[in-house]
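Asks: Construct the entire structure; sequences and hints are all you get.
Residue numbers (this note's numbering), protein chains in the order written: chain A, 1 to 288; chain B, 289 to 499.
No incorrect hints appear here.
Using 20 Å as the maximum straight-line C-alpha spacing, the simulated PhoX-like pairs for lysine-lysine come out as follows:
| no. | chain 1 | residue 1 | chain 2 | residue 2 |
| --- | --- | --- | --- | --- |
| 1 | A | LYS209 | B | LYS495 |
| 2 | B | LYS369 | B | LYS472 |
| 3 | B | LYS444 | B | LYS481 |
| 4 | B | LYS369 | B | LYS398 |
| 5 | B | LYS398 | A | LYS109 |
| 6 | B | LYS495 | B | LYS444 |
| 7 | B | LYS323 | B | LYS333 |
| 8 | A | LYS114 | B | LYS398 |
| 9 | B | LYS369 | B | LYS481 |
It is worth saying that the hints were derived from the structure and are not from the lab.
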Amino acid sequence: MFLTIRRLGSIIGLLMLTVNAASQTHHESSDPFVTDLLDITLQGAPGCTDVRNVLVVMSGEENQAFSARRDPRDHCHWTATRPTGSFDTSLEHFSLRLGSGRTTCKPAKGDVDKGVARVAFLVYKMDVRVVTITTSPVIPNSYIRGVPAHSADRPSIPCAEGAFLTGEPIPDVWFSNNALHPNLRGRQYDRYDLTLPAEKFRLQFGRVKPDPHYPGLILNDEALTRHLKGNEGSVAIQEIIDAFDEERAKAKLSTPPLFSPNAYEADRQTLVDLATDKLVLNVFLVMK
Amino acid sequence: MGRARKKAKEEDNRSADDAEPSPAETKNFFALVMKVIKGVNEFYKAIVAIIAVGGMVYGCVGHTNTDFTVLGTDGDSIILKVSFTGPKLRWSRLSDFRVSFDGLPIEDAKLKLIRGEEGNALVSVLSPGIIHLTAPGLRARCRIPRVADLPDRYEKDEIVSQIPDQSVALTISVHENGGTRDVKQPVQAALIKEFIVRHLPDHVPDKTSCS
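Replies: Here is the structure:
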């Protein structure tokens, strides 16, 4: 009788705990979940045969990207261990560099049972380039990549990714042809259409650390690319200032349209303070 | 001669018939034996019933008292020794495990029993008494006031450096004696330092959900 009572109590207890656990599985994901393991699924690319290398960018820190390993049994399944330690899934977001493209930014979900963060990305064809930027003379610059959410790739989120410009090539920049040839499709702003998204690549002159809230010169905008010849070119300081001015006038620098001589002079003064008056921006846009 | 022998034989037979009990006497004897056996059985049943009822009374009547002590950590979980006093046939149930970091800039967190120990939420005299509580992660508090060029939440190194001087509190809801009460135990944060270090993320973004 004693054992029966104890067993009955245990069973009731376990049932209550099971019910409690079941209710917690539907708990919203804002609870902290700390791990250093990321489990990645690529969707939309049957077989994923074109994907041979995956780099993971966490919370926009491009200079701390880490590589993922392919599952030998499933080429659309990759796993990555963050080499510099753990992260809280509920605070971070992720994006991938695939060599032949990039993904949107997405939060991951914690899998408590397996102890990993899981995230799935839609892979689709896009115009990506390898961007190389140097200045002469050399000044500290950073860049910010503003990536829109994609309606077809839920739950993607708009994000800003960036790093200090080292002069090394920046791979997989989602760079629509429209930025170079705005009239090709007849509509200048096609690249902001969600069906044809592209990132906004902003140069932040004189910044050692990228700041998503600080405006910068949009590289993939015709205001600047018109000064290039084909996929490369050198842009002098006056052309840079003109591009700034045009982008500001078209309200592309996160401000209302502004035609201000003061702002124009401020841009000039900022660049002159950084590099006298002989700044040359060298841009190479290699199509993948 | 032959007549005398025959007479002696008849006398022997007559004495033998006198020694055997009659059928009625035999029946009465067995009835008595059965009555005795039945009586003994009834007595045993009564004794067993008394013992059972007594045992139940002894095992169930009375109040229980559940408490716990933090023993330390194995890194992944906090190890607790749960003590239980009270009737042997009663138990208490533990739930709603929480840890609050009073002086440390870490958000209060819910804990849970590690996998395989879910049944240990029921505590009785026969329970093993040792439980392991874990959490999927800990989150640093928002930095108030904000400091320029620093993340809006405290970073791991800042928190770990404060551990030696701070205490934390573990709270468990105990369901017993028909009610629920919170049992709270303050412990030195250093006692569970490894747990804190392992469950705080190494990386915190500059901007998070802090408003």
